[in-house]
Amino acid sequence: MQENLYQNVDSLQNNPLDNSPSPTPVTPLGKKIPLDDPKIVILLVLGTITVILLITSLIINIIRQKNQKIIPVPTPTPSEIPLPTTSNSLIPDIYQDKFKKLEDSFNYDLDLEVPAIDIETGL
Amino acid sequence: MVKLVYTYALGAYIERCGGSSPLSGTFLLQLFMWLLLFLLLAKPVFAQDSTDNYTKYRTDYLYQRDLYQKNYFDYLNKKDIYTQYRTLVSEKDKIDATKTVLFSRNLMLKSYFMALRVGLDKYKVMNSAETEKNQIEIKKWETWLDEQNLIIPNFNNNSDIQTWSRDFKKFYVEIQRTIYSGLAQSQINLRLQIQNDIESLANNIKNDPKNQNYSNDWFASYPVKSDLITKSLQTAAQVCRRAQRGNTFSNFYPEVRIEINKTNNYLKSLITDLKSVAIKLNN
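If you're matching them up, the sequences are chains A and B in order.
Numbering-wise (the working numbering), the first sequence opens with residue 1048 and increments by one.
Numbering-wise (the working numbering), the second sequence opens with residue 232 and increments by one.
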């Protein structure tokens, strides 16, 4: 009786009796990254920018934390107290009436309302 | 025989012979004293100033306005009656009421124009050429309204009234333009007067012995603000000169008011700054 050698029919090269070195398995991960692809180039550029921004923000953050230790300088304030210009009592007496007249003169417009008439009368 | 003799009755002859008695020195002195007293006490009659005239014309306008409103309601009433009954009597009443209301409307507009023209006299010196132009235009409309009131009483039918009313409607576009231009001119003149007063007061403060160059900053910034005021007022005047197209009045007055309000703000800012300078004089 002839002995039938075992052979995996699904995988022709998967012969347990074959001692020759098996070829490297072909997997999707094994593909080389095509650097010429514009999508990849953009991805790399964006990634680089993100990393640079991250590093910059870290550096700035450290510097700002250091600066917080400095005693803050108060905001400069005007040396003169603002004058309450609305109060007429502070104006010298001789000018008070003149200022009052000036302010009142804005009300001297002619008080003549334009007459409202019916122009359809007689039509 | 009786002889007729011409005799003077009741002593008339005596009177004739007596003649007039000469005036005594005391009487003349008294007369002179009374005359002097009259001249001293009598209030001299000066030409009325523009403010008084304006008040008078304004009062007249308000009276004419009330009269027009009364006549207008009467006209509406007569018109309704005619629409309801269509009789010859009601038609005649309606024609009469229409004539009356049109007549009183013209009187009201004329009195308004008169008040406006006299009101423009108040600050006329600030811009006499432009103000004079406005006043001439207003006077022209006063004359036109007078002429129309000579025509209106002669209308006898609806057709005449309708023709006249259609013509008036066209003229009313120009009438409105003249009214609003006059009002704008009066406001422009007042602002120029205020600016002039501010400048005068600033010069007084500048020459005050207590002033230690406090007003230098004010005078340095004044030309800029003065230019802004002039520009706003010029824009307001230009808006008034815009020609009207068609039979509908395009009201430019709100645009004028915007420019006038801008001017008010600039002027008030100048006054506030000047007040600050004046307050420093007290320190």
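In case anyone wonders, no lab produced these hints; they're calculated from the structure.
Since the model is a prediction, treat every value here as computed from it, not as a measurement.
Ideal Cβ placement from N, Cα and C applies to all residues, glycine included.
Hints may be right or wrong, so weigh each one.
To be verified - Calculated lysine to any residue pairs in the SDA-like style (CA-CA distance at most 20 Å, straight line):
hint	chain 1	residue 1	chain 2	residue 2
1	A	K1148	B	L432
2	B	K511	A	S1134
3	B	K437	A	I1141
4	B	K364	B	T374
5	B	K323	B	I312
6	A	K1145	B	L512
7	B	K456	A	E1160
8	B	K301	A	F1153
9	B	K400	B	I382
10	A	K1145	B	N435
11	B	K287	A	E1160
12	B	K355	A	Y1155
Unchecked claim - From the derived model, a few chain A residues whose C-beta atoms are all more than 10 Å from chain B:
hint	residue
13	I1080
14	I1096
15	Q1112
16	L1157
17	I1166
Checked hints:
With a C-alpha separation of about 11 Å, the suggested pair A:K1148 and B:L432 falls inside the 20 Å cut-off, and the hint holds. Pair hint B:K511 plus A:S1134 holds up; C-alpha atoms about 13 Å apart against a cutoff of 20 Å. Distance check on the hinted pair: B:K437 and A:I1141 sit about 14 Å apart at the alpha-carbon level, within 20 Å; holds. The straight-line distance between the Cα atoms of B:K364 and B:T374 is roughly 16 Å, inside the 20 Å bound, and the hint therefore holds.
With a C-alpha separation of about 11 Å, the suggested pair B:K323 and B:I312 falls inside the 20 Å cut-off, and the hint holds. A C-alpha spacing of about 15 Å is found between A:K1145 and B:L512, which places the hinted pair at or below 20 Å, so the restraint holds. For the hint pairing B:K456 with A:E1160, the CA-to-CA distance comes to about 31 Å; that exceeds 20 Å, so the pair is violated. Annotation: proposed proximity of B:K301 to A:F1153 is violated, straight-line Cα distance about 35 Å (limit 20 Å).
Restraint check for B:K400 and B:I382: satisfied, since their Cα atoms lie roughly 16 Å apart, inside the 20 Å limit. For the hint linking A:K1145 to B:N435, the alpha-carbon distance of about 11 Å falls within 20 Å, and the restraint holds. Between B:K287 and A:E1160, the direct Cα distance comes to roughly 16 Å. Compliance with the 20 Å bound is thereby established for this hinted pair. Between B:K355 and A:Y1155 the alpha-carbon distance is near 14 Å, which keeps this suggested pair within the 20 Å criterion.
Interface exclusion of A:I1080 from chain B stands, the closest Cβ pair being 67 Å apart, more than 10 Å. Every CB of chain B is more than 10 Å from the CB of A:I1096 (nearest about 49 Å), matching its label as outside the interface. With a least CB separation of 45 Å from chain B, A:Q1112 remains clear of the 10 Å interface cut-off, as annotated. With a minimum CB-CB distance of about 5 Å to chain B, A:L1157 fails to clear the 10 Å threshold, and the non-interface call is violated.
Remark: the non-interface label on A:I1166 conflicts with the geometry, its nearest Cβ contact in chain B lying 5 Å away (cut-off 10 Å).
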